[in-house]
Amino acid sequence: AQKITQTQPGMFVQEKEAVTLDCTYDTSDQSYGLFWYKQPSSGEMIFLIYQGSYDEQNATEGRYSLNFQKARKSANLVISASQLGDSAMYFCAMRPIKAAGNKLTFGGGTRVLVKP
Amino acid sequence: EAGVAQSPRYKIIEKRQSVAFWCNPISGHATLYWYQQILGQGPKLLIQFQNNGVVDDSQLPKDRFSAERLKGVDSTLKIQPAKLEDSAVYLCASSFWTGGTDTQYFGPGTRLTVL
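Here the protein sequences come in this chain order: A and B. Mind the numbering: the first sequence is residues 1 to 116 in our numbering, read in order. Mind the numbering: the second sequence is residues 117 to 231 in our numbering, read in order.
Among the hints, erroneous ones may be present.
[Said to hold, decoys possible] Covered stretches of chain B, as calculated for chain A (at least 3 residues, CB under 8 Å):
{"id": "1", "segment": "154-167"}
{"id": "2", "segment": "201-211"}
{"id": "3", "segment": "222-230"}
These aren't lab readings, by the way, just hints derived from the structure by calculation. As the structure is a computational prediction, the values presented were derived from the model and not from experiment. Ideal Cβ positions, reconstructed from N, Cα and C, are used throughout, including at glycine.
Chain A on its own, in the form it takes in the complex (with noise of 0.2 Å):
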């Protein structure tokens, strides 16, 4: 079985400084994919960035980045220089990578608030 957890419900970050979303896991598999989707008031769950467990580079993405600690479990994003239009719910998601299409596990979310 596979677990998420968001420990931080909600944050308040200032416009066009930096934020860190915390994410740790829980699973037994060796070979796992680690997800971040980011949900708008709109409701679409957007894709961030992901990082496999294999990789030996933190994944980035333009502002994202995701700060993979292996050995401690953890999978935090990073969003620099944050922007009005960041403010939404993001979810830390993974799924076993052993063929195509194992499902996500979702973690709980953190809501973030970009103050002008």
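Given chain A, put chain B in place with the hints provided.
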């Protein structure tokens, strides 16, 4: 490339009524997922299709929920009869296996309110 399409976007029904949701995945994506997201929680997988076959429906309340993907493309999720606790956002996602990973891409969701 067009994203995942869902309809309707919003639906309000009374308990014990029936409702159906439609999803059209990204072209070429063999795997299709239906998730239920209750307010304040992360999405929970209801059912997963690989082409037109069911891969995982372990969390689908089969006494009232049903889903089909007859031609391996679009899919319909039905609730009959609806209960108050079915009020949620129903998200459809699709993915394509590249041999290394298959990122799931989500549609806009259908927000269901059961009165």
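Consistency of the hints with the structure:
no., hint, result
1, 154-167, "holds (count 8)"
2, 201-211, "holds (count 4)"
3, 222-230, "holds (count 5)"
In this structure, none of the earlier numbered hints is contradicted; all agree with it.
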